[in-house]
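Enquirer: Put chain B on the given structure of chain A with help from the hints.
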Amino acid sequence: MIYQIVFLLTAFKLIFISLYHSTDFEVHRNWLAITHNLSTDRWYYDTTSEWTLDYPPFFAWLECGLSYIANYLDPEIVKVQNINYESGMTVAFQRLSVVFLDFLYILSARSCSNLVENGKLLMFILLITNPGLLMVDHIHFQYNGFLSAFLLFSISTMIQGKYLQAAIWFAILLNLKHIYLYIAPAYIVYLLRAYCFTVASTDGVHTAWYSFSIRNLTKLGIVVLSVFAFSFGPFIQHLPQLLSRLFPFKRGLCHAYWAPNFWALYNFADKLLQKILPKFGIEIAVSEASMTGGLVQEYNHVVLPSITPSVTFILTVLSMLPALVKLWYLGADIRYRRINFVRCLTVCATCSFMFGWHVHEKAILMILIPLSFLAILGDVDGRLFLLVSTVGHYSLFPLLYPKYLLPVKILMLLTHCSITFAYVPSLYEVPKAKGGKRRGFLQLPMLGGFESLYLYGLMGLCFFENVLHISLGLDRRLPFLPLMMTSVYCAFGVSYFWIKYYHYFLTFNLSKIPTKVKS
Amino acid sequence: MGKKSDWEKIVITKDIWLPGVFFALLVRWCVAAYPYSGYKTPPMYGDFEAQRHWQEITLHTPISTWYRNTTHNDLNYWGLDYPPLTAYHSYLLAVVAEWLYPESVRLFASRGYENEDHKLFMRWTVFLCDIYFYVTATICLCIDTERIKPKDEKNVFKRTDIATALFLLYPGIILIDHGHFQYNCVSLGLFMWAVFYIVAIENDILASSCFILALNYKQMELYHSLPFFFYLLRKCFINVPPRRKLYHVVSEFNKLAIVVVCSFIIIWCPFLRSWDNVTQVVYRLFPLKRGVFEDKVSNVWCFINVFIKLKSFYSNEKMAKICLITTAFAVLPSCMDLFFRINKKKFILSLINVSLAFFLFSFQVHEKTILLVAIPVALHLPEDPYMCFWFLLVSNFSMLPLLLKDGLLIPFISTSFIYLGVYNIALKLSLPSAGLFTFLNANRVYKTIQKNKSHNSVFLKLVSLYFFVSLLGMFVLTLCIVLVKPPKNLPDLFPLLISVYSCSHFLLFFLYFNYQQFCIPKCLPELPKLKTK
Numbered sequence: 001m002i003y004q005i006v007f008l009l010t011a012f013k014l015i016f017i018s019l020y021h022s023t024d025f026e027v028h029r030n031w032l033a034i035t036h037n038l039s040t041d042r043w044y045y046d047t048t049s050e051w052t053l054d055y056p057p058f059f060a061w062l063e064c065g066l067s068y069i070a071n072y073l074d075p076e077i078v079k080v081q082n083i084n085y086e087s088g089m090t091v092a093f094q095r096l097s098v099v100f101l102d103f104l105y106i107l108s109a110r111s112c113s114n115l116v117e118n119g120k121l122l123m124f125i126l127l128i129t130n131p132g133l134l135m136v137d138h139i140h141f142q143y144n145g146f147l148s149a150f151l152l153f154s155i156s157t158m159i160q161g162k163y164l165q166a167a168i169w170f171a172i173l174l175n176l177k178h179i180y181l182y183i184a185p186a187y188i189v190y191l192l193r194a195y196c197f198t199v200a201s202t203d204g205v206h207t208a209w210y211s212f213s214i215r216n217l218t219k220l221g222i223v224v225l226s227v228f229a230f231s232f233g234p235f236i237q238h239l240p241q242l243l244s245r246l247f248p249f250k251r252g253l254c255h256a257y258w259a260p261n262f263w264a265l266y267n268f269a270d271k272l273l274q275k276i277l278p279k280f281g282i283e284i285a286v287s288e289a290s291m292t293g294g295l296v297q298e299y300n301h302v303v304l305p306s307i308t309p310s311v312t313f314i315l316t317v318l319s320m321l322p323a324l325v326k327l328w329y330l331g332a333d334i335r336y337r338r339i340n341f342v343r344c345l346t347v348c349a350t351c352s353f354m355f356g357w358h359v360h361e362k363a364i365l366m367i368l369i370p371l372s373f374l375a376i377l378g379d380v381d382g383r384l385f386l387l388v389s390t391v392g393h394y395s396l397f398p399l400l401y402p403k404y405l406l407p408v409k410i411l412m413l414l415t416h417c418s419i420t421f422a423y424v425p426s427l428y429e430v431p432k433a434k435g436g437k438r439r440g441f442l443q444l445p446m447l448g449g450f451e452s453l454y455l456y457g458l459m460g461l462c463f464f465e466n467v468l469h470i471s472l473g474l475d476r477r478l479p480f481l482p483l484m485m486t487s488v489y490c491a492f493g494v495s496y497f498w499i500k501y502y503h504y505f506l507t508f509n510l511s512k513i514p515t516k517v518k519s
Numbered sequence: 001m002g003k004k005s006d007w008e009k010i011v012i013t014k015d016i017w018l019p020g021v022f023f024a025l026l027v028r029w030c031v032a033a034y035p036y037s038g039y040k041t042p043p044m045y046g047d048f049e050a051q052r053h054w055q056e057i058t059l060h061t062p063i064s065t066w067y068r069n070t071t072h073n074d075l076n077y078w079g080l081d082y083p084p085l086t087a088y089h090s091y092l093l094a095v096v097a098e099w100l101y102p103e104s105v106r107l108f109a110s111r112g113y114e115n116e117d118h119k120l121f122m123r124w125t126v127f128l129c130d131i132y133f134y135v136t137a138t139i140c141l142c143i144d145t146e147r148i149k150p151k152d153e154k155n156v157f158k159r160t161d162i163a164t165a166l167f168l169l170y171p172g173i174i175l176i177d178h179g180h181f182q183y184n185c186v187s188l189g190l191f192m193w194a195v196f197y198i199v200a201i202e203n204d205i206l207a208s209s210c211f212i213l214a215l216n217y218k219q220m221e222l223y224h225s226l227p228f229f230f231y232l233l234r235k236c237f238i239n240v241p242p243r244r245k246l247y248h249v250v251s252e253f254n255k256l257a258i259v260v261v262c263s264f265i266i267i268w269c270p271f272l273r274s275w276d277n278v279t280q281v282v283y284r285l286f287p288l289k290r291g292v293f294e295d296k297v298s299n300v301w302c303f304i305n306v307f308i309k310l311k312s313f314y315s316n317e318k319m320a321k322i323c324l325i326t327t328a329f330a331v332l333p334s335c336m337d338l339f340f341r342i343n344k345k346k347f348i349l350s351l352i353n354v355s356l357a358f359f360l361f362s363f364q365v366h367e368k369t370i371l372l373v374a375i376p377v378a379l380h381l382p383e384d385p386y387m388c389f390w391f392l393l394v395s396n397f398s399m400l401p402l403l404l405k406d407g408l409l410i411p412f413i414s415t416s417f418i419y420l421g422v423y424n425i426a427l428k429l430s431l432p433s434a435g436l437f438t439f440l441n442a443n444r445v446y447k448t449i450q451k452n453k454s455h456n457s458v459f460l461k462l463v464s465l466y467f468f469v470s471l472l473g474m475f476v477l478t479l480c481i482v483l484v485k486p487p488k489n490l491p492d493l494f495p496l497l498i499s500v501y502s503c504s505h506f507l508l509f510f511l512y513f514n515y516q517q518f519c520i521p522k523c524l525p526e527l528p529k530l531k532t533k
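Those sequence lines, one after another, are chains A and B. Residue numbers for the first sequence follow the numbering used here, so the first one is 1 and each next one is one higher. Residue numbers for the second sequence follow the numbering used here, so the first one is 1 and each next one is one higher.
Worth double-checking, as some hints may not be accurate.
[Claimed, not checked] Calculated lysine-lysine pairs in the PhoX-like style (CA-CA distance at most 25 Å, straight line):
no., chain 1, residue 1, chain 2, residue 2
1, B, K311, B, K289
2, B, K40, A, K403
3, B, K447, B, K154
4, A, K13, B, K405
5, B, K245, B, K235
6, B, K344, B, K154
[Said to hold, decoys possible] Now the in silico label distances, taken between C-beta atoms and shown as ranges:
no., chain 1, residue 1, chain 2, residue 2, range
7, A, L96, B, L120, 26 to 34 Å
8, B, N489, A, K403, 40 to 48 Å
9, B, I131, A, K403, 15 to 23 Å
[Stated by the list, open to error] Cβ-to-Cβ under 7 Å is the rule here; a few derived chain B residues that face chain A:
no., residue
10, C30
11, A33
12, P411
13, I418
14, I425
None of these hints come from the bench; they were simulated from the model. Here a beta-carbon is modelled for each residue, glycine too, at the ideal position from N, C-alpha and C.
Extracted from the complex, chain A is given alone in its bound form:
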């Protein structure tokens, strides 16, 4: 069945070739040109285009490899001066490169779904038909599917107990895109606990400190460091320049469109207080940039204290700490620690999404992909997956702003939801006996009444943004209102998910009904 589904999906991906693509398309074309024409020591210095190379070296090497094919097809693609070059061949080549690199993601999804017993195919389908990936990669244009392949490979090798391999996969991933540093703590803690301590535990709780294996630690260190050396070695003289490209802290707290996280709520509260406080007679200093909302990236808070990068960093680390400590203790049990590693990974991704500096809305995929894996393995994971996958994908809508894509986005989400809401509950819900508790009217499977109401609210939100907002004439006065509403509304959902899932992870103990993972 997987071949048939992959065939169908690939055929479907072809239809997006001539559709809208964002500036990321030009970004990647420029990178093709840079890596093709310049010597490696100029890669991170070139500023011909405003879209400078800001991904780690491995990704640059990938572009370099692709550029040779591009050069063969149309030499104009790889000329540095050809800014905004967009011939039919360029579009076809770049789009097809995403489609082909996605096959690696499909392989990784297969290796992950091979690990489970129940719902193999469902997991495979959930992973590869992720509408977020379709929207971001195949319409917006990026290579997230290819990158997620490395994440999934590392997860699947980790679950199989091949720790060194998992470490290599993850190290490569870090050198492809450094945003995955956010989930590195989970890897560090887990590899230390599970690999560097050879004895799992004597009583299932305490750490067997005596079993610490320096040999394993050295092996791990050598493997990871050699990957990094391989990647950064050629650039050793340009390291400061490279790092300044990778970590630009000159950007604002939030992206132009606020990602649905804690800071969206924070900004919203700031705006709200700005409106409310004068009514209680409290004067506030009004700055000019404050009212333009989403337009300016540099955004100064008026009432609440402004946020600096260090604050977000500390908050992110602090929010991750309890989960990491919990992972350390869960690591004592050899049977279930693997799945809890993936859970911790998801928690870390969510923490960074909630509190990170300049988070992109696309980063939600880092939560959704491991969670689609977990959705098959536990009922609470499945339940929360239903909630957050709907909200998370909805929050990606502003990314594709052309009007004609609206029905495409909505129907893509509806197709996804109709699959998840039909099949995920069928894994966990036993057929109701007569006279048993029945679901309420319009209540979604596995979800509570309030949660269902929240999801139905998305429909209202969508209707307001696309119909009412324009017909009420608000688009002139408050052009950014829909964006703010989407991000705030979705931020509530993501925060709810974060709290629920964190609570679930922290209170998880082995007396709960275990889910099966083949070792």
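Expert: This is chain B only, laid out in the frame that chain A set:
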């Protein structure tokens, strides 16, 4: 999901048809993002402009002059040439358009009006019509297919979810309606409702009124009219009581006649003031002077034209007579068979045969008209997946030159593969050992619908080989028309090759489907039980 840890375990255990329907709608909107016919090509533009122009005309001119050449209505510039229902529909849309985009329906000033928002509005109108008429009819028909299926029959193509997905994803109608831009979904949707009333509910009165609506939306629905006529006529003669035979037959017939005449009168009401009006409309609907075919069409006349230049031999009137006679001969066997050896199963086959005969032999055929044949074939697909699937692929392929002109190459490739993909999934569901190329193997495909028979005939092997060669031919021709520049003295070489290639297929399919129809024995349809007081 079952308990076994098995890749091949069938995942879709319940009949959940929502994902399939949503996916089909999604594909429609992806196609709709591509350009329409005549996009940015003055001075005449294309079918999109025609539809917009009709809105403009119906909104601003009095109803009696819609079909007449007046100072306000230049019939040479996309004059109305569809029956009144299309005109009313255009008027309805025009009212909405005037409210939303008044610029788009200004008399004269709006010619060649092109605006992205307006395009989106027009796309929405097609989409909503599609959902309202076509999608609903499809779902009802597919539910009925599963309902009347015998319990022990394990035909995967009769499952509601598979059947709806496969039906709705047929690329031809998606590309023409949502890409090229037309409202075929309305007339075909109404036609399918008529079929539904006959096949599922046996309500002949609703069926005939639905069909009259379809006929008054597009006169091309005449291709379907003969099977309706003969089937309903024959039904008047069954269950005749022993006494007062004639009275019974006449009263049954009158019921239908009254419905048909009344619907016609209601629809044509505004034009009935004078006889002159009616003839003018009819004259617009059946333009004799436009010649036997315009572009390259995959029918017999275009085929013959390759060898003998018909237009230089015969005048249009003479040609029309020749067409009429040949068409009559072509439809005769199927219609007579339906009439004398009536069977409900024959009805759809007869629709295929008659419409295909019209397509192949009649006068003034467009390449898009193949959709009228394709829809009954898609209805027949659960009974005979292999041949119907093949036909549908060929029918889609025969429209390739048209689609290329509109810049719809990518959607054409993608939707064709999507359709193949869904078909493959369906095969995989019933044959766990199926691979990606099982669809080529006739023996194995027929095994999915009749499990107990052993399928290993040499004939079917030859058919499979032929299918493979035929697909290869389509593939090569597609590559040629896209990549190879035709020689200068033959600019239309590849479109012509495509139409000749498709036509030769259609002729064989015509024989095949006729044969299939004759193979079905006579069986009187059960009449609904009469209420006894």
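Enquirer: Please go over all the hints and tell whether each is borne out by the structure.
Expert: Now for the hints, and whether the structure bears them out:
{"no.": "1", "hint": "B/K311 with B/K289", "result": "holds (12 Å)"}
{"no.": "2", "hint": "B/K40 with A/K403", "result": "holds (20 Å)"}
{"no.": "3", "hint": "B/K447 with B/K154", "result": "holds (10 Å)"}
{"no.": "4", "hint": "A/K13 with B/K405", "result": "holds (23 Å)"}
{"no.": "5", "hint": "B/K245 with B/K235", "result": "holds (14 Å)"}
{"no.": "6", "hint": "B/K344 with B/K154", "result": "holds (21 Å)"}
{"no.": "7", "hint": "A/L96 with B/L120: 26 to 34 Å", "result": "holds (28 Å)"}
{"no.": "8", "hint": "B/N489 with A/K403: 40 to 48 Å", "result": "holds (46 Å)"}
{"no.": "9", "hint": "B/I131 with A/K403: 15 to 23 Å", "result": "holds (19 Å)"}
{"no.": "10", "hint": "C30", "result": "holds (5 Å)"}
{"no.": "11", "hint": "A33", "result": "holds (5 Å)"}
{"no.": "12", "hint": "P411", "result": "holds (6 Å)"}
{"no.": "13", "hint": "I418", "result": "holds (5 Å)"}
{"no.": "14", "hint": "I425", "result": "holds (5 Å)"}
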